[in-house]
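**Student:** The residues making up each chain are set out below.
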Amino acid sequence: MKISILVLFCILAFESLLYSQKGIEIQISSKKVEAGEPLMVTYSLSNYNERDLVRKGFNPFELIGGPLVSRSMNTSYINGNMSSSQTNSYVIYLVCKKLGKQLVPKQTFQLADGSLIETQAIEIEVVKPGILPKPPPQQRQPDPFDPFAAFNDPYDPFAGPPIGRQPQQQSQGGVYREEKDINLSKDIFARIHVNKSKVYVGEPVSASIKIYTSLNSKGFEAEKVPNFNGFWTQDIPLPEKLEMKREVINGKEFVAVEIKKILLFPTKAGTLEITPLKMKTIALVPIMRQRQGNNRQPRDLMEAILMSMGMTMNTMGVEFKEIPYSFSSGTEKITVMPLPENAPASFTGGVGKFSFNAYADKKALKTDEALNYKVELTGSGNMPLIEPPKNIWDEDIEVYDPILKENYNVQPSFSGTKTWNYVAIPHAPGSYTTPNIEFSYFDLVQKKYVTLTAPSTNLTIVGKPTKDKEKGKKYGEFNYAKQKIRESKVYATSSNLSNGIFYGLGLLPLAIAFGIGLLPKYEKAEDRFISGKKISERVIQQMKQAEVYLNENNKEAFYQELTRTYWNYLSHKFRLETSDLTRSNIAEKLREKDVSNELITKMINLIDNSEMGLYTSYGSQAMREIYENSLVILNDIDRQIV
Amino acid sequence: MQAQFASKALKAYESGDYANSILFWDQELKSDKCNKEQAYFLLGNAHFKNKNYAYAIANYEKSLRENYNQEDVKFNIKVVRAKLGLDTENKILFTNDILRKICFFFSEFTLKLFVVFLSMILVAYSIFRYFKGDIKLGFLRHYLFALTFILAILFFLQQYFKSQSGPAVISIESTGFENINLKGESKTLREGEIVQILDEVGETIQVETEANKIYWIQKSNVIYI
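Chains as they are written, first to last, in the numbering used here: chain A, 1 to 642; chain B, 1 to 225.
Please keep in mind that the hints were generated in silico from the structure rather than gathered at the bench.
Don't be surprised by glycine CBs; every beta carbon is placed ideally from N, CA and C.
Keep in mind that the hints are not guaranteed to be accurate.
One-sided and incomplete, this derived list gives chain A residues near chain B with beta-carbon spacing under 8 Å [claimed, not checked]:
1. Y176
2. I182
3. N183
4. S185
5. F189
6. K218
7. E221
8. L263
9. T267
10. G270
11. Y491
12. A492
13. G500
14. F514
Pairs of lysine to aspartate or glutamate residues, derived as DMTMM-like cross-links and limited to a Cα-Cα distance of at most 20 Å, are as follows [to be verified]:
15. A:K489 / B:E71
16. A:K278 / B:E178
17. B:K219 / A:E240
18. B:K83 / A:D401
19. A:K353 / A:E369
20. A:K405 / B:D87
21. A:K210 / A:D181
22. B:K219 / A:E577
23. B:K183 / A:E203
24. A:K268 / B:E191
25. A:K210 / B:E191
26. B:K83 / A:E243
27. B:K83 / B:E191
28. B:K187 / A:E406
29. A:K210 / B:E185
30. A:K278 / A:E332
31. A:K218 / A:E341
32. B:K187 / A:E398
33. A:K555 / A:D636
34. A:K589 / A:E577
35. A:K482 / A:E398
36. A:K280 / B:E71
37. A:K241 / B:D199
Some chain A residues near chain B, calculated using beta-carbon distances under 8 Å [stated by the list, open to error]:
38. F220
39. A222
40. Q483
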């Protein structure tokens with residue numbers, strides 16, 4: 001079984017190897033290059049299993065460095081399938097002195113099986129020195145890292161500078177001379193942009209959070225999300241794939257990514273703060289390579305080439321350091337002005353522009369029949385925060401808390417419909433009207449309150465009036481919001497046993513008691529012997545048994561019982577094991593206990609007789625005599641023993 | 001001496017000085033002999049009167065954690081939630097937890113006393129029985145053992161329930177983000193909502209809301225229960 005799994009696994013692995021894609025990718029540092037300036041060409045071969053680059057010459061270019069080979073293996077298991085890919089990169093540095101459009105010739109690689117493969121030729125424009133502004137070297141590097149991997153966007157165009165991108169006007173400051181100079185605050189940062197900084201309560205503010213970076217980095221991760229306290233927030237969805245835009249800030253080019261767009265409705269007046277977003281990343285920072293002693297002799301040819309290039313060319317001296325960096329967007333402040341004080345009574349918090357309507361679904365109905373009454377608000381503004389307009393109904397119509405329906409669009413502006421559906425139950429017949437509902441809101445354009453009214457409808461109710469007790473049963477629900485909290489004035493410090501005492505006096509004894517219960521029954525050595533009354537009780541019991549045998553004329557059992565009785569009696573009396581008792585020490589012990597010699601002789605005789613009776617043929621006459629003797633003698637001894 | 005703070009707090013509460021009442025209760029809660037279940041309840045009341053609704057809920061929940069069988073506290077939570085416009089049904093922490101109800105039937109003190117008392121009897125009887133043999137009603141010992149064990153287990157369950165932490169109350173309307181990198185949806189979490197804390201990264205915590213959605217919010221926006 002195991003072997004077959006192994007075989008299957010191998011087949012799968014082999015298969016996946018077979019199916020892994022082969023490919024050659026060519027990258028160049030720039031499409032335009034100055035004469036005499038180095039051009040970096042990278043050939044990346046995936047899954048070719050090649051041996052080497054066949055050097056055929058690079059005319060009209062001149063090889064000044066390389067090929068530097070780097071290999072990368074990538075093995076991954078996805079759904080139990082193993083896929084593995086190997087990519088070998090050959091980096092060469094070329095220089096051309098001829099101007100105009102030039103071709104980097106085709107390159108040939110020899111594969112492991114001896115066959116050859118060819119790459120394509122690349123067209124390069126060589127211009128006069130000094131024409132092109134010098135691009136920061138880090139952009140010449142092919143970059144395998146995706147700074148926005150954290151945003152689930154593995155094929156980001158932003159990750160690596162596109163081939164042949166026109167060098168932008170950029171300061172030379174991209175490369176740091178020394179590690180201690182590194183200050184990334186101008187390379188990577190985040191900003192929260194708000195479109196307004198002074199608003200009324202309820203007036204929407206759109207905020208967008210952007211990350212700017214001029215370096216490549218290994219993903220971003222938030223450490224602290226921003227806080228929009230005092231705002232009701234409404235998310236504005238962004239496209240699944242985040243958009244990367246190039247923005248130039250103070251002459252420096254950044255890639256800007258908008259990671260969040262959000263609509264804020266201030267709920268209170270004052271200066272509200274949006275606390276910063278904190279993020280961390282591992283930035284790939286270009287640093288000049290430390291040169292240890294320029295006068296040192298190069299160890300080998302390669303080093304000699306590198307050293308000579310290091311002196312003439314900046315690129316070769318640049319190293320990428322992974323530097324963890326935390327940054328945060330600044331705190332954004334928004335001044336929220338309170339709404340004017342002369343708010344009409346029907347104002348329920350609406351700010352924006354709305355239209356308003358209210359209607360009943362029936363005009364005639366019976367008592368106890370439900371009437372649906374809809375209050376509908378349409379428009380744009382702080383819809384989620386608007387309370388239902390007040391509506392006062394006739395006493396005979398019972399109205400329940402409304403059911404709320406909301407339907408909003410976020411873009412292009414926040415708008416939608418909010419509907420409160422009231423259920424009203426008339427309890428008495430007659431003519432009624434639905435209430436005149438007023439709705440007021442603060443118009444942001446006119447900067448004043450606007451009041452809208454919905455006309456009332458006439459209702460005709462027929463049927464019998466409902467009894468009072470039936471009211472409120474159908475839809476009635478206990479409304480906690482109208483209740484007062486239950487208060488208490490009682491406070492008593494609690495008495496408590498400390499845990500130590502509890503464990504010591506409670507759990508420990510419990511465990512002990514349980515343990516004792518598990519122990520085998522304890523038997524003291526002396527306890528084998530009974531004492532006092534119990535001996536005579538047992539003797540009497542045994543003698544009774546003997547009497548039973550006597551009556552049955554069971555000679556053997558009778559004598560056995562008798563003998564046992566004597567020995568038992570003496571053993572318990574002297575607290576000695578029966579095995580330790582002999583005829584001689586019985587006499588001795590009895591003497592110690594101040595038993596008369598006569599009685600001792602009788603006792604010994606008795607023992608002798610009964611033993612004799614056991615092993616010899618003795619008449620039943622003797623049995624009765626011995627039995628009676630025993631009773632008397634044992635009784636006497638018991639009396640004489642001190 | 002400890003009760004001093006409590007009486008001051010009660011006095012302040014009665015005279016309508018809720019802010020001071022809160023301060024005194026906080027001090028009382030720091031003392032050893034504090035009756036937490038009552039103190040949290042009364043502190044919750046003071047917070048409610050001071051219109052710190054989220055704090056009121058948090059303290060009521062803390063009181064419930066000390067003793068689950070407090071109908072007044074549960075009632076108050078519903079009132080506060082209703083005032084904040086939140087659901088009142090089945091949204092109290094540990095709603096309808098029968099085990100909790102049983103566990104908190106006796107107070108911790110009573111449980112401890114019972115266990116100590118019964119254990120003493122049992123250990124005395126066990127020793128007696130070991131040396132002197134059984135007595136007539138010796139079989140009752142098994143029931144006593146079972147009872148004591150159950151009480152001890154209830155005690156430990158109580159301790160476990162009291163030590164449980166994880167939930168928190170949103171203290172201020174705040175924005176929760178589905179993803180810590182702000183990708184995905186974001187939603188305003190309402191004051192007074194109870195959330196379960198799932199993860200913590202720096203000053204940001206991941207919470208599960210009552211609607212069983214998971215968001216990242218700032219730690220300072222919640223009150224730990």
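**Student:** Compare the structure with each hint and give your call.
**Tutor:** How the hints compare with the structure:
About 27 Å separates the beta-carbon of A:Y176 from the nearest beta-carbon of chain B, more than 8 Å, and the hint is not met. The interface hint given for A:I182 is violated, since its Cβ lies 23 Å from the closest Cβ of chain B, which is over the 8 Å cut-off. A least Cβ separation of about 23 Å between A:N183 and chain B goes past the 8 Å threshold, and the interface hint is therefore violated. For A:S185, the interface hint is violated, since its Cβ never comes within 8 Å of a Cβ in chain B; the closest pair sits about 19 Å apart.
This hint is violated: A:F189 has a C-beta 15 Å from the nearest C-beta of chain B, more than the 8 Å allowed. A hinted interface residue such as A:K218 counts as satisfied when its beta carbon comes closer than 8 Å to some beta carbon of chain B; here the least separation is about 14 Å, so the hint is violated. Interface hint at A:E221: satisfied, since its Cβ lies 7 Å from the closest Cβ of chain B, which is below the 8 Å cut-off. Contact between A:L263 and chain B, as hinted, is not supported at the beta carbon level, the nearest pair being about 10 Å apart and thus beyond 8 Å.
A cut of 8 Å between beta carbons decides the hint on A:T267: the least distance to chain B is about 7 Å, and the hint holds. Because the beta carbon of A:G270 sits about 14 Å from the nearest beta carbon in chain B, more than 8 Å, this interface hint is broken. Annotation: interface hint on A:Y491 holds; nearest CB of chain B at approximately 5 Å, less than 8 Å. With 8 Å as the threshold, the beta carbon of A:A492 comes within range of chain B, its nearest partner Cβ sitting at about 6 Å, so the hint holds.
Given hint, A:G500 at the interface with chain B, is violated; its Cβ is 11 Å from that chain's nearest Cβ, farther than 8 Å. With a least beta-carbon distance of about 7 Å to chain B, the hint placing A:F514 at the interface is held under the 8 Å criterion. Distance hint between A:K489 and B:E71 is fulfilled; the C-alpha atoms sit about 16 Å from each other, no more than 20 Å. With a C-alpha separation of about 16 Å, the suggested pairing of A:K278 with B:E178 holds against the 20 Å cut-off.
Taken as a hint, the B:K219 and A:E240 pair is broken in the structure, with Cα atoms around 28 Å apart against an allowance of 20 Å. Pair hint B:K83 plus A:D401 holds up; C-alpha atoms about 14 Å apart against a cutoff of 20 Å. Distance hint between A:K353 and A:E369 is unfulfilled; the C-alpha atoms sit about 36 Å from each other, more than 20 Å. A distance of roughly 16 Å separates the Cα atoms of A:K405 and B:D87; the hinted pair therefore holds under the 20 Å criterion.
For the hint linking A:K210 to A:D181, the alpha-carbon distance of about 26 Å lies beyond 20 Å, and the restraint is violated. Taking the CA atoms of B:K219 and A:E577, the gap is near 81 Å; set against the 20 Å cutoff, the hint is violated. Restraint check for B:K183 and A:E203: not satisfied, since their Cα atoms lie roughly 25 Å apart, outside the 20 Å limit. Pair hint A:K268 plus B:E191 holds up; C-alpha atoms about 14 Å apart against a cutoff of 20 Å.
For the hint pairing A:K210 with B:E191, the CA-to-CA distance comes to about 28 Å; that exceeds 20 Å, so the pair is violated. Of the supplied pair hints, the one linking B:K83 and A:E243 is violated, its CA atoms being roughly 43 Å apart against a limit of 20 Å. For the given pair, B:K83 sits about 11 Å from B:E191 by alpha-carbon distance, which is consistent with the 20 Å threshold. With a CA separation close to 15 Å, the supplied pair B:K187 and A:E406 stays within the 20 Å bound.
With a C-alpha separation of about 16 Å, the suggested pair A:K210 and B:E185 falls inside the 20 Å cut-off, and the hint holds. Of the pairs offered as hints, the one joining A:K278 and A:E332 holds, with about 13 Å between alpha carbons and a cut-off of 20 Å not exceeded. Proposed proximity of A:K218 and A:E341 is contradicted: the alpha carbons are some 53 Å apart, above 20 Å. A distance of roughly 35 Å separates the Cα atoms of B:K187 and A:E398; the hinted pair therefore is violated under the 20 Å criterion.
For a cut-off of 20 Å, the pair hint linking A:K555 to A:D636 is broken: about 25 Å separates their Cα positions. Restraint check: the Cα-Cα separation between A:K589 and A:E577 comes to about 13 Å, which is no more than 20 Å; the hinted pair holds. Using a Cα cut-off of 20 Å, the hinted pair A:K482 and A:E398 holds, with the two alpha carbons roughly 17 Å apart. Proximity of A:K280 to B:E71 is assessed by CA-CA distance (about 48 Å); at most 20 Å being required, the pair is judged violated.
Proximity of A:K241 to B:D199 is assessed by CA-CA distance (about 26 Å); at most 20 Å being required, the pair is judged violated. With its C-beta approaching chain B no nearer than about 7 Å, A:F220 sits inside the 8 Å limit, and its interface hint holds. Checking A:A222 against chain B: minimum C-beta separation of about 5 Å stays under 8 Å; hint holds. A cut of 8 Å between beta carbons decides the hint on A:Q483: the least distance to chain B is about 5 Å, and the hint holds.
The structure does not agree with the numbered hints 1, 2, 3, 4, 5, 6, 8, 10, 13, 17, 19, 21, 22, 23, 25, 26, 31, 32, 33, 36, 37 stated previously, though it agrees with the rest.
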